[in-house]
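Asks: One-letter residues, chain by chain:
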Amino acid sequence: MVAYLFKIVGLGLLDALALAACILFGLDANFIFAGSVATGILLLNWLAFSRRSYPFRYLVPGLFFLAAMVVYPIIYTTYIALTNYSTGHILTKQQSIEQFTQREYAPPQLRHFAFTAFLNQHGMLTAVLLRSKEKEFVVFRDGHWEPVEGHELVDEDGDSTVDRLDGWTRMERRDLGAYIGELQTLRVPFEDGWLRMATLTEFRLFLPCYVYDPTQDILVDQQTGNVYRPVKGQFTTGDGEVLDPGWMEYVGFRNFIRLVTTPRYRGPFLRVFLWTVEWALFTVLVSFVLGLALAILLNDPKMRVRKVYRSLVIIPWVLPSFISILVWKGFFNTEFGLFNQLLRSWFGIAVPWLVESFWARFSLILMNVWLTYPYMMVVSLGALQSIPDELHEAARVDGATPWQRFQRITLPLLMISIAPLLVGSFATTFNNFNVVWLLTEGGPVVRIGEPAGATDILISYAYKLAFLGTRGNEMALSSAVAVVIFLVILTISAVSFRYTRVLEKVSRGL
Amino acid sequence: MAYKNSNRSRLGKRFLRHLLAWLAIAFAIFPALYILGTSFNASNSISTTGIIPQHPTLEHYRSLICDPNHPFFLWTWNTIKVSGITAGATVFLCALGAYALSRFRFRGRRAGLLAVLLVQMFPQTLGMVAIFLMMAWLSNIVPWLGINTHSGLILVYLGGAMGFNTWLMKGFFDSIPRSLEESAMLDGATPFQAFRRIILPLSRPILAVVFVIQFIASYSEYMLASILLKGKEMYTLSVGMRLFVTQHYDDRWGPFAAAGVMGSIIVLIVFYALQRQIVSGLTRGATKG
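Listed in order, the protein sequences are those of chains U and V.
FYI, in our numbering the residues of the first sequence are 48 to 557.
FYI, in our numbering the residues of the second sequence are 6 to 294.
Chain U with its partners taken away, still in its complex shape:
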């Protein structure tokens, strides 16, 4: 009863709060926020009061994180892949136009206005008197101005400077420092441009460099008369001259086309794609063979210390991977590393481990096998132990050799439970950013200026494009690569679901 009361009161308070937030956001014309708050609170109320929602009370917290941090980012990434989002194309078109129309230049015929600032009785800047040869007017803090005629000017000491304006006192020159920040932000619309403080004593007229014409969607350069039209997210003249910054816009499949047709990206992309597949295949196969061999070795009941052996052999799985990878990186160091030291003292040779493409790939796979085989061993052990002994016994009675028994009984039975894990492992390795990045950073360089190195896999390539681009950050292209990975995984999942029974189990309701 108390709990129920508590729930009602608590939810009531939350509802009130949400309603207030909705109204505030709504008044701010921030309808996305108002909408999401409203949806959220309605959902909460439904969860709390509907009988049918009971199971969802358990599911919603987890689903929230899954939706917000995995599903939504994937959808958002797909959207970015269809835009031109990158350095120079980050603003909206509106923001970009604003940037251009606010750029200014001083006309060849300078127009100067000497200024005098006036403070109210609290010492706040209230008005500025601007005076040129032909014109005199009063500017207020919000930027609007009025002709001087309607205002009362008083010269108290007769030195031909105005000392009081409408009862406000003149700011002394020595106080300029205190007000200069405020004065500099004043922008007074005037004729075709605006006035603003240009030196310590005067305002000047500035004209906009560009004027935007919304009816024709063009931008006109006021000095040269050049006409810029929007082309590919940037204002461009007929001669192909472009203005920075551009804006973000929807470009359809252009990123994907760029990825497979432009020479700068096509070569690296195909190479990276192939290598990613090779890398995942080799790692999974070699580590599985090694893991299975060890599992068979350490599953022998005659070996009394096998449990101790097992705990020692899985060490690579247990150590935090980033530490062991950095240690291996030290071992592979060409000059000082352990491996080359040993090779030098034994055979007098040195191997360019992480320096040459082939050896870098070799090192990467070697190390990743080291990292992965303990997992393979552990799951193989589990599967081996679940194979009934009678089968082996029967085969032995029929005179099968150990190899035949392995081939005909162990392996097929093992594969039933291990195959899905191998597929999962393939998918994980396919995207194992940590290993590649911490060991080689995708290097060595294949061709100077090319965005991808010899050991870059798709996801590290995407990372480089988005966050470490030499020509700015190519977020959209990076997202396009991510979408490619996404499709590959989708295919793998579809195939593996087809061949395993997981889906049937799901549809039967387990």
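There could be a bad hint or two in this list.
Pairs of lysine-lysine, DSS-like flavour, derived with a Cα cap of 27 Å [as the list claims (entries may be wrong)]: (1) U/Lys140 <-> U/Lys279; (2) U/Lys349 <-> V/Lys18; (3) V/Lys237 <-> V/Lys86; (4) V/Lys86 <-> U/Lys354.
Counterexamples of contact, computed for chain V against chain U with all Cβ distances above 10 Å [to be verified]: (5) Ile57; (6) Asn145; (7) Pro196; (8) Gln198; (9) Asp255.
Far from chain V, by Cβ distances over 10 Å, these chain U residues were calculated [claimed, not checked]: (10) Lys180; (11) Phe184; (12) Tyr226; (13) Glu296; (14) Val307; (15) Asp347; (16) Glu382.
In short, the hints are calculated from the structure, not lab data.
Fair warning: this is a prediction, and the values are worked out from it, not measured in the lab.
All C-beta atoms in this analysis are idealised placements derived from N, C-alpha and C, irrespective of residue type, glycine included.
Use these hints to put chain V onto chain U, whose structure you have.
Replies: Relative to the frame of chain U, chain V by itself:
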């Protein structure tokens, strides 16, 4: 004669087995041993260290602790905080979700199962650009959840942890017989009470497994941490240690080894304390599909 011969070959086989096992063990642990030796070795350069230190010293540990530019302990603390909170929250949230998926029958359950199964195939890192932009946006609205905050990083990690772990736990819950809860519910227990009093105590092993798996995963995560954490004092170990050693294998090898030893200890302890449950939980959950 024949008897003796077969005895000898059996001995030979046994010897071979142990030899192979020891070879595998050597392959598995040499980096760990080497780093342990280096951390106590007086020399600092990678080229002059060996497994067995000539003149054991704690110099590297001392210099690591005193390094003002690389606050190793702060990084360790950051990592433990982020991974610990992530793992704890993961256990709680996934247990709730898995219980609903395992015990309740409701419309949308099949779709939910399928969604979880599918989503857990996709690594969260695929959405890195979107996650970065989302967090940058969040920084403007709720600064303490945005870029360069641990709470923001935890938020992101939690999302990535939900799919696989919920699936794993559901598999375990399915294997607990329902009769226990049913009798409790006949006595008037609500489903939540049944969950808390019966299911949770019975599934302690899987809770431990999920905690450890998630703890280790967050502990080693590099990419998202490197995108989201900008200040040196906010780094986690993976980001910090990479910064510490990458360009300095020649002059920071000793302190790096010390850091590696200290950074690994906590994970080693946690893992070996729960080794049995982890191995059985993983194979069980996984092979159950």
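Asks: So, against the hints stated earlier in the document, which numbers end up violated here?
Replies: Of the numbered hints given earlier, those the structure breaks are 4, 7, 9, 15 and 16, listed in rising order.
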